[in-house]
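First to last, the sequence lines map onto chains F and C. According to the numbering used here, the residues represented by the first sequence are 1 to 394, in order. According to the numbering used here, the residues represented by the second sequence are 1 to 419, in order.
None of these hints come from the bench; they were simulated from the model. Please note that the accuracy of each hint is not assured.
Label-pair ranges, simulated between beta-carbon atoms [stated by the list, open to error]:
id, chain 1, residue 1, chain 2, residue 2, range
1, F, A106, C, T53, 35 to 43 Å
2, F, G13, C, D60, 53 to 61 Å
3, F, E30, C, D60, 50 to 58 Å
4, C, E338, F, T161, 52 to 60 Å
5, F, R41, C, K73, 54 to 62 Å
6, C, T53, F, A314, 18 to 26 Å
7, C, P100, F, M264, 34 to 42 Å
8, F, E30, C, T17, 39 to 47 Å
9, C, P100, F, S10, 25 to 33 Å
10, F, G355, C, E109, 14 to 22 Å
11, F, K190, C, P287, 47 to 55 Å
Covered stretches of chain F, as calculated for chain C (at least 3 residues, CB under 8 Å) [stated by the list, open to error]:
id, segment
12, 172–179
13, 250–258
Only a predicted model underlies this, so the values are computations on that prediction, with no experimental measurement involved. Just so it is clear, CB atoms sit at the ideal spot from N, CA and C, and this is done for glycine as well.
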Amino acid sequence: MAGRSIARKSYDGVVLAAPATVPYQRFSKETAHWWIARALRQSLQAAGLSPRDVDGFSVASFSLFPDTAVGLTQHLGLTPRWLDHIPMGGASGVAALRRAARAVQAGDADIVACVAGDTNQVDSFRRMLSSFSRFAQDASYPYGAGGPNACFALLTDHYMTAYGATREDFGRICVAQRDNALKNPHAVMKTPLTMEHYLGARMISDPIALFDCVMPVGGAEAFLVMREEDARAAGLPCAYIRSTIERHNAFPEDPIQMRGGWAMDVDELYAMADAKPDDINLLQTYDDYPVISMMQMEDLGFCGKGEGPAFVRAHDLTIAGDFPHNTSGGQLSAGQAGAAGGYIGLVEAIRQVTGGAGPTQVKNARTALVSGFGVINFDRGVCSNAAIISGAAA
Amino acid sequence: MTTPIAPPPKKDPQQRTRVQTLPSGARSRAALGLTAAAAEGRFMLQVCAKCGTVQYPPRDACGTCLSVDLPWKDIAPEGRLIAETTVRTSTSTYFRERTPWRVGTVRLEAGPSIICHVHGDVARGGAVRISNRLDKSGQGVLFALPAERTQNMEDDPQLREMTANPKFRRVLITDARSGNALALAQAFAKAEASIIFVGEAEGWRPYPHRDELAAIPGVQLLPLDVTDTSSVAELAAEIGGKTDILVNNARFMRPGGILARGDTVFARDEMEVNYLGLMRLAQAFGPAMLGRGADGQNSAAAWVNILSVYAYSNLPALGAFSASSAAAYSLTQCLRAEMRPGGVRVMNVYAGPTDDDWHQPLPPPKVAPQALAKAVVAGLKDGLEDVFVGDVAQDLIDRWRAGPKILEREMSETDGGAA
Numbered sequence: 001m002a003g004r005s006i007a008r009k010s011y012d013g014v015v016l017a018a019p020a021t022v023p024y025q026r027f028s029k030e031t032a033h034w035w036i037a038r039a040l041r042q043s044l045q046a047a048g049l050s051p052r053d054v055d056g057f058s059v060a061s062f063s064l065f066p067d068t069a070v071g072l073t074q075h076l077g078l079t080p081r082w083l084d085h086i087p088m089g090g091a092s093g094v095a096a097l098r099r100a101a102r103a104v105q106a107g108d109a110d111i112v113a114c115v116a117g118d119t120n121q122v123d124s125f126r127r128m129l130s131s132f133s134r135f136a137q138d139a140s141y142p143y144g145a146g147g148p149n150a151c152f153a154l155l156t157d158h159y160m161t162a163y164g165a166t167r168e169d170f171g172r173i174c175v176a177q178r179d180n181a182l183k184n185p186h187a188v189m190k191t192p193l194t195m196e197h198y199l200g201a202r203m204i205s206d207p208i209a210l211f212d213c214v215m216p217v218g219g220a221e222a223f224l225v226m227r228e229e230d231a232r233a234a235g236l237p238c239a240y241i242r243s244t245i246e247r248h249n250a251f252p253e254d255p256i257q258m259r260g261g262w263a264m265d266v267d268e269l270y271a272m273a274d275a276k277p278d279d280i281n282l283l284q285t286y287d288d289y290p291v292i293s294m295m296q297m298e299d300l301g302f303c304g305k306g307e308g309p310a311f312v313r314a315h316d317l318t319i320a321g322d323f324p325h326n327t328s329g330g331q332l333s334a335g336q337a338g339a340a341g342g343y344i345g346l347v348e349a350i351r352q353v354t355g356g357a358g359p360t361q362v363k364n365a366r367t368a369l370v371s372g373f374g375v376i377n378f379d380r381g382v383c384s385n386a387a388i389i390s391g392a393a394a
Numbered sequence: 001m002t003t004p005i006a007p008p009p010k011k012d013p014q015q016r017t018r019v020q021t022l023p024s025g026a027r028s029r030a031a032l033g034l035t036a037a038a039a040e041g042r043f044m045l046q047v048c049a050k051c052g053t054v055q056y057p058p059r060d061a062c063g064t065c066l067s068v069d070l071p072w073k074d075i076a077p078e079g080r081l082i083a084e085t086t087v088r089t090s091t092s093t094y095f096r097e098r099t100p101w102r103v104g105t106v107r108l109e110a111g112p113s114i115i116c117h118v119h120g121d122v123a124r125g126g127a128v129r130i131s132n133r134l135d136k137s138g139q140g141v142l143f144a145l146p147a148e149r150t151q152n153m154e155d156d157p158q159l160r161e162m163t164a165n166p167k168f169r170r171v172l173i174t175d176a177r178s179g180n181a182l183a184l185a186q187a188f189a190k191a192e193a194s195i196i197f198v199g200e201a202e203g204w205r206p207y208p209h210r211d212e213l214a215a216i217p218g219v220q221l222l223p224l225d226v227t228d229t230s231s232v233a234e235l236a237a238e239i240g241g242k243t244d245i246l247v248n249n250a251r252f253m254r255p256g257g258i259l260a261r262g263d264t265v266f267a268r269d270e271m272e273v274n275y276l277g278l279m280r281l282a283q284a285f286g287p288a289m290l291g292r293g294a295d296g297q298n299s300a301a302a303w304v305n306i307l308s309v310y311a312y313s314n315l316p317a318l319g320a321f322s323a324s325s326a327a328a329y330s331l332t333q334c335l336r337a338e339m340r341p342g343g344v345r346v347m348n349v350y351a352g353p354t355d356d357d358w359h360q361p362l363p364p365p366k367v368a369p370q371a372l373a374k375a376v377v378a379g380l381k382d383g384l385e386d387v388f389v390g391d392v393a394q395d396l397i398d399r400w401r402a403g404p405k406i407l408e409r410e411m412s413e414t415d416g417g418a419a
């Protein structure tokens, strides 16, 4: 953790293209393989490519068992020379981007298809929770088996006590995202959410109420990482990677999670992009619960620690607002498709900065910040990362 | 304070008896250290032998220095509740049936933060005392209790799930003739057991404390001879469906080992009562108790075996009796595994020499019946699996853990006081 001796290399020459989202379903009888195949096909079709053109493949999924990315190559008929399987849940999108970009930059692969997908069969959520991780199995699941609801209830309770946040502050995030989701035809949530509804919802795990929780769904997301010249030759709209950061198990000495790894590396994130928070046109946070979105706003430098409540009171988080946030509705309103929840913000951000977001398009969206957060291994999220991407080369 | 529990209503035989569901019992091997400590009611965590870091959750390598030498040590139970939630929906059937369920994050003074069950009397942000308990699946779980005792605190519904408190429960104590029976019945009466059945063999034969025993409120003397399969079956047919706690108290012992006895008559009697008696009781009463683990306020809760600590290591002066105790001990491990799906705790109470006629020549210290009875009730209230009563039993188990082979050699030189 000492100061770095060499500057990080830029991502020049590498781009993100062909964002694909397979419309989510509340319950699905299909498998993760099915969802991943559909997202991959959709992304390749958008790029005018065939599976034979893909020589790099990155997969994130919770429900592939007993398969991994390895089994998928044969199942889907891919013959990649670069293969990755990312078990980072909500951090898997940015992690895939980081790894794939370096592979393409180094010439280890020409086109990496990054895909995340999960199914949601009846009862698959319960089965996943009970064996999510060893620490969760031993030290959190036996305590009420509330799953992530209970873990985030503890973090939310602590945050509220420490910084005086109210339920209404979290409600602002949820209500704004629902407003965004109403413009996204694929969002699972299709009815408006008022603050009154939000505050009146039944408690799930105090102080977490119904609209603080994501709806587990089946779904998949994908994008391609390739050389800029190849994307241009194919006439593909593409996004440029200005900077990224990643950190795991940050601040283990904190008695309970009040911040994520972003706080360790945020200066580097902006320095590498030669940008400042004001330059960001839209923010896509990992939003399995509003408290963690609020922490990301703080840790990514949009406001100070503990100022999240004041920040969301002072800003309009909708698509047309002064601080567009989770423009597709995020997981809170579009649904949480397992590991694809780690992709939803990134795939939407690629669409936004390339002007392809359609009904959720933010005007003049040039630069987006996407952050990932993943894996409640025991009492806190372990993985965190972020990327700044732009629609035109810096 | 906790709202005191009310006496349960009479059971409606037309309603289905609630099936016992269990909290998740899956654990890593390292985490079973917590379970082993909880069996004796100790709060222990791994402490790195190299750098002293207290570890949680249980693990295989130190999170500070990567040493794999992580012995379990008793830990100061003080801490503070820094966050809490009340779980109202759960993916687990067990918890779903028992919501709302209070859970919290406690920062231990010893270092790590833990997620734990939280007693209803703990104040928001309050000081707590961590207790390591066995849950219904028989696994160790951490429970935050108020730092100071509160009124009726054992009636907290979450805590009661982790214990086998006799309050409002119906108890069967076997062997009314034994000197322990009177003290046990008195202790259960004091603990507010609603009915205390006491099994009596050969009722026509007088014994000194019969009148005193029969006079205890709630006591019902019923015929039971654990060496007679049909006697055990008859009593089970009568009260098996309302036996919430069974105390297997029958014991046959005579001094002597192998060579001095010259025959197997006493050895057979010892096995007949101490080993087969347990099996007969278990076969007759076990199935009904197994099916009633979640039967409301007075559900089947525990099976208690009074055992000799010489089950662990043979005392040659009582050599044949020790062997029957070892057989019984082994069988209780089997019983524990078989009763676990019903959430019924099997608690073994190990004593050294007890203060009775058959241990008369042995030197003190000896365990008085009152001390034994007190330990039984306290163990049930704490939901323990293993209780070692008195100095001899404590000393023996410490030495056994340090080295069973060394203990074996020491035992052969221990004064059994036998003729």
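**Request:** List, from low to high, the hint numbers that the structure doesn't satisfy.
**Result:** As far as the earlier hints go, 2, 3, 4, 6, 9, 10 and 12 are violated by this structure, in ascending order.
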